[in-house]
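Let chain A serve as the given structure and place chain B on it in line with the hints.
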Amino acid sequence: MTDFSVNINGLRLANPVMPASGTFAEGLADVIDFNRLGAFVTKTFTLHPRSGNPLPRVCELDSAMLNAIGISSKGVEDFIEYTLPFYQRYAPPLIASISAPTTQEFATLAARLSEVPGIAAIEANISCPNIEEDGRAFAIEPVATARVIKALR
Amino acid sequence: MACGLGMCYCCVRPMRDKESQTLTDKRVCYDGPVFPLHEVCYDGF
Chain A
1 MTDFSVNING LRLANPVMPA SGTFAEGLAD VIDFNRLGAF VTKTFTLHPR SGNPLPRVCE
61 LDSAMLNAIG ISSKGVEDFI EYTLPFYQRY APPLIASISA PTTQEFATLA ARLSEVPGIA
121 AIEANISCPN IEEDGRAFAI EPVATARVIK ALR
Chain B
1001 MACGLGMCYC CVRPMRDKES QTLTDKRVCY DGPVFPLHEV CYDGF
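Protein sequence lines correspond, in order, to chains A and B. Numbering follows the working numbering, with no gaps: position 19 of the first sequence is 19. Numbering follows the working numbering, with no gaps: position 7 of the second sequence is 1007.
Okay, chain A solo, but in the shape it has when bound (with noise of 0.2 Å):
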């Protein structure tokens, strides 16, 4: 059998197939075997619950679709009490996608994640907005996003 795996930082995955943030979750338990991936990105969640956009977040085209969800989440709390359970029933490593209006924002909710065994890696959302840099993105200016990577390590 063909050795798919692969290493990144020291994170063994058994093949390259990371899917994008979100889009496994429980709605697929039961149309694909989970173990078949080299491992789970979560849907992005916050520290503390938000709304996200206000309805209607969806747009049809005539060719396609436009959303806006704007993250919405219950929680770092309610993630951990009861969405890592789903992810902790499959065997490929989870990565959880991470979001924070602000830099120390960032460093407390993965303060908070490196106490919950069980997540291999986290993904820095960094295309929310920065409220202490007038809303903009902080992947827009490369000293914010290292700002955010120094705070997480």
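Honestly, the hints are just simulated from the structure, not real lab data. Just so you know, even glycine gets a beta-carbon here, dropped at the ideal spot from N, CA and C. There could be a bad hint or two in this list.
Stated by the list, open to error - Which chain A residues face chain B? A few, computed with CB under 10 Å, are given here:
{"#": "1", "residue": "Leu13"}
{"#": "2", "residue": "Ala14"}
{"#": "3", "residue": "Thr23"}
{"#": "4", "residue": "Phe24"}
{"#": "5", "residue": "Gly52"}
{"#": "6", "residue": "Arg57"}
As the list claims (entries may be wrong) - Heads up, simulated EDC-like pairs for lysine to aspartate or glutamate below, C-alpha to C-alpha not over 16 Å straight-line:
{"#": "7", "chain 1": "A", "residue 1": "Lys150", "chain 2": "A", "residue 2": "Glu105"}
{"#": "8", "chain 1": "B", "residue 1": "Lys1026", "chain 2": "A", "residue 2": "Glu123"}
{"#": "9", "chain 1": "B", "residue 1": "Lys1026", "chain 2": "B", "residue 2": "Glu1039"}
{"#": "10", "chain 1": "A", "residue 1": "Lys74", "chain 2": "A", "residue 2": "Asp30"}
{"#": "11", "chain 1": "A", "residue 1": "Lys150", "chain 2": "B", "residue 2": "Glu1039"}
{"#": "12", "chain 1": "B", "residue 1": "Lys1018", "chain 2": "B", "residue 2": "Glu1039"}
{"#": "13", "chain 1": "B", "residue 1": "Lys1026", "chain 2": "A", "residue 2": "Glu105"}
As the list claims (entries may be wrong) - Computed, partial: chain A to chain B, Cβ under 7 Å:
{"#": "14", "residue": "Gly22"}
{"#": "15", "residue": "Gly27"}
{"#": "16", "residue": "Ala29"}
{"#": "17", "residue": "Ile32"}
{"#": "18", "residue": "Val58"}
Below, chain B alone, put in the same frame as chain A:
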């Protein structure tokens, strides 16, 4: 509904918890599509 699998959160609607009376977004495609009448909230109610 966009994904129909409960993952994209496009189809959420605010539903009222019977006990606490608080509103929680529920996914029509995954948590529903049928909901108890007392949970369903509309603008102005």
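To see whether the hints hold, each was checked on the structure:
For Leu13 of chain A, the interface hint is violated, the least distance from its beta-carbon to any beta-carbon of chain B being 21 Å, above 10 Å. Interface restraint check: Ala14 of chain A against chain B, minimum CB-CB distance 23 Å, threshold 10 Å, status violated. Interface restraint check: Thr23 of chain A against chain B, minimum CB-CB distance 6 Å, threshold 10 Å, status holds. Taken as an interface hint, Phe24 of chain A checks out: its beta carbon lies about 8 Å from the nearest beta carbon of chain B, inside 10 Å.
Against a cut-off of 10 Å between C-beta atoms, the interface hint on Gly52 of chain A holds, since the closest Cβ of chain B lies about 7 Å away. Checking Arg57 of chain A against chain B: minimum C-beta separation of about 5 Å stays under 10 Å; hint holds. Proximity of Lys150 of chain A to Glu105 of chain A is assessed by CA-CA distance (about 13 Å); at most 16 Å being required, the pair is judged to hold. Between the alpha carbons of Lys1026 of chain B and Glu123 of chain A the distance comes to roughly 26 Å, so the proposed pair goes past 16 Å and is violated.
Taken as a hint, the Lys1026 of chain B and Glu1039 of chain B pair is honoured in the structure, with Cα atoms around 10 Å apart against an allowance of 16 Å. Between the alpha carbons of Lys74 of chain A and Asp30 of chain A the distance comes to roughly 24 Å, so the proposed pair goes past 16 Å and is violated. A distance of roughly 44 Å separates the Cα atoms of Lys150 of chain A and Glu1039 of chain B; the hinted pair therefore is violated under the 16 Å criterion. Between the alpha carbons of Lys1018 of chain B and Glu1039 of chain B the distance comes to roughly 7 Å, so the proposed pair stays at or under 16 Å and holds.
Distance check on the hinted pair: Lys1026 of chain B and Glu105 of chain A sit about 26 Å apart at the alpha-carbon level, beyond 16 Å; violated. A cut of 7 Å between beta carbons decides the hint on Gly22 of chain A: the least distance to chain B is about 6 Å, and the hint holds. For Gly27 of chain A, the interface hint holds, the least distance from its beta-carbon to any beta-carbon of chain B being 3 Å, beneath 7 Å. Checking Ala29 of chain A against chain B by beta carbon gives a least distance of about 10 Å; that is not within 7 Å, so the hint is violated.
Of the supplied interface hints, the one on Ile32 of chain A is violated, with its beta-carbon coming no nearer than about 11 Å to a beta-carbon of chain B, more than 7 Å. Taking 7 Å as the C-beta contact cut-off toward chain B, the hint placing Val58 of chain A at the interface holds, the least distance being around 4 Å.
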